[in-house]
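Asker: Each chain, letter by letter, is given below.
There are 2 protein chains.
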Amino acid sequence: MIEVEVKFAVPEDMNLRALLQTRFGLNSGFCCEESDEYFQHPCRDFDVTDEALRIRRSDQAITFTWKGPRLDLLTKTREEREISFESAEASAQEAGLRAILMALGFTSAGRVHKRRELFSVPWQQQTVTLSFDQVTGLPPFVELEIVCEESERAAATSALLSLASSLGLNQSERRSYLELVLEKA
Amino acid sequence: MIEVEVKFAVPEDMNLRALLQTRFGLNSGFCCEESDEYFQHPCRDFDVTDEALRIRRSDQAITFTWKGPRLDLLTKTREEREISFESAEASAQEAGLRAILMALGFTSAGRVHKRRELFSVPWQQQTVTLSFDQVTGLPPFVELEIVCEESERAAATSALLSLASSLGLNQSERRSYLELVLEKA
Numbered sequence: 000m001i002e003v004e005v006k007f008a009v010p011e012d013m014n015l016r017a018l019l020q021t022r023f024g025l026n027s028g029f030c031c032e033e034s035d036e037y038f039q040h041p042c043r044d045f046d047v048t049d050e051a052l053r054i055r056r057s058d059q060a061i062t063f064t065w066k067g068p069r070l071d072l073l074t075k076t077r078e079e080r081e082i083s084f085e086s087a088e089a090s091a092q093e094a095g096l097r098a099i100l101m102a103l104g105f106t107s108a109g110r111v112h113k114r115r116e117l118f119s120v121p122w123q124q125q126t127v128t129l130s131f132d133q134v135t136g137l138p139p140f141v142e143l144e145i146v147c148e149e150s151e152r153a154a155a156t157s158a159l160l161s162l163a164s165s166l167g168l169n170q171s172e173r174r175s176y177l178e179l180v181l182e183k184a
Numbered sequence: 000m001i002e003v004e005v006k007f008a009v010p011e012d013m014n015l016r017a018l019l020q021t022r023f024g025l026n027s028g029f030c031c032e033e034s035d036e037y038f039q040h041p042c043r044d045f046d047v048t049d050e051a052l053r054i055r056r057s058d059q060a061i062t063f064t065w066k067g068p069r070l071d072l073l074t075k076t077r078e079e080r081e082i083s084f085e086s087a088e089a090s091a092q093e094a095g096l097r098a099i100l101m102a103l104g105f106t107s108a109g110r111v112h113k114r115r116e117l118f119s120v121p122w123q124q125q126t127v128t129l130s131f132d133q134v135t136g137l138p139p140f141v142e143l144e145i146v147c148e149e150s151e152r153a154a155a156t157s158a159l160l161s162l163a164s165s166l167g168l169n170q171s172e173r174r175s176y177l178e179l180v181l182e183k184a
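As they're listed, the protein sequences go chains B and Z. Going by numbering that gives the first Met the number 0, the letters in the first sequence line up with residues 0 to 184, in that order. Going by numbering that gives the first Met the number 0, the letters in the second sequence line up with residues 0 to 184, in that order.
Hints in this document: simulated from the structure, not taken from any laboratory. For each residue, glycine too, the CB sits at the ideal point set by N, CA and C. Warning: the hint list may mix true and false statements.
Short, incomplete list of chain Z residues facing chain B, as computed with Cβ under 8 angstroms [what the hints assert, rightly or not]:
| no. | residue |
| --- | --- |
| 1 | C42 |
| 2 | A60 |
| 3 | F63 |
| 4 | L70 |
| 5 | E81 |
| 6 | G95 |
| 7 | L96 |
| 8 | A102 |
Label pairs and their in silico Cβ distance ranges [to be verified]:
| no. | chain 1 | residue 1 | chain 2 | residue 2 | range |
| --- | --- | --- | --- | --- | --- |
| 9 | B | R114 | Z | S157 | 48 to 56 angstroms |
| 10 | Z | T62 | B | D58 | 19 to 27 angstroms |
| 11 | Z | G104 | B | R114 | 16 to 24 angstroms |
| 12 | B | A94 | Z | S150 | 16 to 24 angstroms |
| 13 | Z | A87 | B | Q133 | 28 to 36 angstroms |
| 14 | Z | A87 | B | P41 | 32 to 40 angstroms |
| 15 | B | A184 | Z | S164 | 55 to 63 angstroms |
| 16 | Z | A87 | B | S57 | 57 to 65 angstroms |
| 17 | B | P41 | Z | P10 | 41 to 49 angstroms |
| 18 | Z | A98 | B | S57 | 18 to 26 angstroms |
Given the sequences, and given the hints that come with them, work out the whole structure.
Answerer: Here it is, written out as structure tokens:
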């Protein structure tokens, strides 16, 4: 599957929640907290290859994800391989997976902690996941995402950019939250 | 934790089940099937570093394990980092984790499939896990194992070798099942 994604800093004068209410009748979204750790490869420089490896802990779930290089210049679209599992001992599982990566020579590249609010927005016969993100240490961002097959990528990209433009979101941010957090540090 | 482990080919004239019955009153053990895949590291030769990385699927559980180099010449004792989780979709989870490893440049080093029968044997104030293993393509083997802290390693090794000797098991096999399967192929 392909994750077609585009991200924008929320303009200071924009009331995003009010806009979603007025335009789409959406009240509150689904809230979750995500604690992410990113890793560097033992023999490939992910800054050069534009890959990412992440362990995400969110409540009782662990998600382990590899992301391939971004596939175009406008969006954050990239290939993804992922497994996710629930566990009453999510914290111990996160530590266990991290210990395996360390033993294999991976190193920690940094952590990102965020509170997300997720909305499902119907747009051009598709369902866009809109995430209103409060990342620790950064101003608010909004991410628009469609997960689809490679063959649907052009249509998904076009839908995301059209929705963004319609919401008054124009300059997309291609840097990852990790990059933005590390630049601020 | 340290996995102190020693393995023996079951002598052709030995009736292991009868011996466990007579000596320890143990009837049948806990049976399970394990399907293991081993991986090579993208930039370290595990044959040289004597490490192992494995995905194990056993019924509804996935276990992801790194094993460090063997720590002595007599046993298969080694450091271990492991996570295990249950899933109704174990097969899809195995495929997902495998796909992440492939994306990171790991390569498959081979598969081992076995049927194990596990017994708990009390010996010298310790509990030894005895596994009677029928590996596809190999003659029967028996593994004796104690998982313990590093500080208890000497006592655990001594208990395992004494139990083995008492059962008439003398020449330990330090090669892994994967190595034995690949040598046969």
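Asker: Which of the listed hints are not met by the structure?
Answerer: 2, 4, 11, 16
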